[in-house]
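Protein chains: 2
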Amino acid sequence: MTTSSSRADLPGRPCSIASTLAVVGEKWALLAVREISLGNHRFDAIARNTGAPRDRLAARLRALEDAGVVERRQYSERPPRFEYHLTAAGADLRLVLQALRSWGDRWAVDTPPATFVHGGCDGDVEVVLHCRGCGQHVAPDELRARTSAPGWTRTGPAQA
Amino acid sequence: MTTSSSRADLPGRPCSIASTLAVVGEKWALLAVREISLGNHRFDAIARNTGAPRDRLAARLRALEDAGVVERRQYSERPPRFEYHLTAAGADLRLVLQALRSWGDRWAVDTPPATFVHGGCDGDVEVVLHCRGCGQHVAPDELRARTSAPGWTRTGPAQA
Chain V
1 MTTSSSRADL PGRPCSIAST LAVVGEKWAL LAVREISLGN HRFDAIARNT GAPRDRLAAR
61 LRALEDAGVV ERRQYSERPP RFEYHLTAAG ADLRLVLQAL RSWGDRWAVD TPPATFVHGG
121 CDGDVEVVLH CRGCGQHVAP DELRARTSAP GWTRTGPAQA
Chain B
161 MTTSSSRADL PGRPCSIAST LAVVGEKWAL LAVREISLGN HRFDAIARNT GAPRDRLAAR
221 LRALEDAGVV ERRQYSERPP RFEYHLTAAG ADLRLVLQAL RSWGDRWAVD TPPATFVHGG
281 CDGDVEVVLH CRGCGQHVAP DELRARTSAP GWTRTGPAQA
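Here the protein sequences line up with chains V and B, keeping their order. Going by my numbering, the first residue of the first sequence is number 1, and it counts up by one from there. Going by my numbering, the first residue of the second sequence is number 161, and it counts up by one from there.
Hints are not guaranteed to be accurate.
[Stated by the list, open to error] Cβ pair distances, simulated, as ranges:
1. B/P240 with V/R144: 45 to 51 angstroms
2. V/Q74 with B/G199: 48 to 54 angstroms
3. V/R106 with B/R304: 45 to 51 angstroms
4. B/R222 with V/H85: 36 to 42 angstroms
5. B/R232 with V/A63: 45 to 51 angstroms
[Unchecked claim] Just so you have them, the derived chain V footprint on chain B, three or more residues with Cβ under 8 angstroms:
6. 214-224
7. 233-240
8. 260-271
9. 290-300
Quick caveat, the hints were computed from the structure, so don't treat them as lab data. Beta carbons: idealized from backbone N, C-alpha and C, even for Gly.
With these hints in hand, go ahead and build the complete structure from the sequences.
Structure representation (structure tokens):
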């Protein structure tokens, strides 16, 4: 995938989080992805359900298309009209959305407006860190950084 | 937790994702939380490692403090100086950060600058959806919405 922001454009430490936020960190971007993932593919529905100003939403969808997160598909020739769909990269953002939802359910709302259950068994679903090595769930403070970028240390990039 | 944004302030559908982004969606907020979670508690280190302009970072840390995500602790009386620490709500954001990192590792960078392994066994760690009912990992398209907010449907709030 080619994103509009290469690492060299970003200030601060080299970091995938920063690179991700360069793509989807602008207000409305993740909410637009939320709507498309819920099956709302048309501009009017995305605008209504996010509450985004139409001009800013249009700019945001163009940027997401440039970044390879959404793609436009024409559904009408006269007049030319398009629907927005998630690419594989966009579909992968659903996990980010669930992590944001999970945090918000606990810390940012009184009553969760919508919860998501496992369609197979109706069980509650949680976002967890899973270790591929031992198969256990891992708490965030059990993580250890392994770095590959020059100068990447826990306390930051090499000092100037 | 009291956040500075109640649901009533937000446009669009009622949604914990939107409520979360109202707290941490502004640029630099999550990167500041990243730095604090890495153990960088002082303003200068957070500014250097995020690359955030100092005035915007100061405003963002104040907002995060108001939202109950970070807290200031005084470490010097003369001159008065403070360190930033994560509250329980802030510590919970580490899962959001790992979800963003995981997406970025796959889609937004060529080579992950830092990966995080399970300190116990050195295994690779992934962010997954886990069903509390059946114990299985759940793919995002196996989720089913259960809504509690009036008017919350897959296609959006009640039409005007």
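| request: Quick one: which hint numbers does this structure break? Sort them smallest to largest. | output: Structure breaks hints 1, 3, 5, 6 and 7.
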